[in-house]
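Participant: Counting from 1 along the sequence shown, just add 1092 to a position and that's the residue number in this note's numbering.
Warning: the hint list may mix true and false statements.
Cβ-Cβ distance ranges computed for the label pairs, FRET-style [stated by the list, open to error]:
no.	residue 1	residue 2	range
1	Val1158	Leu1247	28 to 38 Å
2	Cys1244	Met1093	15 to 25 Å
3	Pro1229	Ile1295	51 to 61 Å
4	Leu1150	Thr1222	14 to 24 Å
5	Thr1263	Ile1165	24 to 34 Å
6	Gln1259	Glu1213	27 to 37 Å
7	Ile1165	Met1193	18 to 28 Å
8	Arg1137	Ser1201	49 to 59 Å
9	Ile1295	Leu1150	49 to 59 Å
10	Leu1123	Arg1147	37 to 47 Å
11	Asn1192	Gln1145	37 to 47 Å
12	Met1193	Thr1248	37 to 47 Å
13	Ala1105	Gln1145	31 to 41 Å
If you're looking for bench data, these hints aren't it; they were derived computationally from the structure. All residues carry an ideal CB built from backbone N, CA and C; glycine is no exception.
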Amino acid sequence: MSSITPVFVAETAPADVRGRVTGLFQEFLVLGSTIAYWLNYGIERGMPVLSAQWRISLGVQMIPAVSLFIGLIPLKESPRWLVEKGREDQALASLVYIRNMPVDSHDVSREFVEIKASLDEEGGKMGETTWKECLKPGVRNRFALIFALRLCQQLTGTNSIGYYAPQIFQTVGLSRADASLFATGIYGIAKLIFTAISLLFVIDKIGRRRAHVGGGVWM
């Protein structure tokens, strides 16, 4: 889901709000982890029985999982992907459904033409791309840039800090379990606030490149 969802959102979001809508994926990831942090803190404080603590923490995860499954049932395929596969009638129907506009709408017609023109310019179906083609001159520099950006983002340790935040806070002096979980909850709120600030005031105002450079230096 963490790989497919941003791609689907980027392919279906309107161009004028695509940056912010795609960024909402990260905001909701942070929101989910923050809720989990505070849930664990509440369980630690209110339930002394250890066996019940982990069972409740795991069981509560079924609620969003089931909600996600139900929400995926009526979901349409991405219009861009359908055009790639030559299923233009289905692509147009999907675009009409996603935009909630009539099929003869000017905006729908214009966007559908733009999708087809974009794919024609790219020169065929993305599914036929091979690793060898990624290393060809003219492509490998862009491929290396994307690879390096993602690698450096992971090397900042952001995921490790999120996973092991309670243990990290324990090593710096918050030895009690409830204290470390409380600090982790505050950490989650801080992430939530700064991610929201980035979405509202940074992504679509200063550009992607400057946001990347500034975020990299800050991390």
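Participant: Which hint numbers does the structure go against, in order from smallest to largest?
Facilitator: 3, 4, 5, 6, 9 and 10
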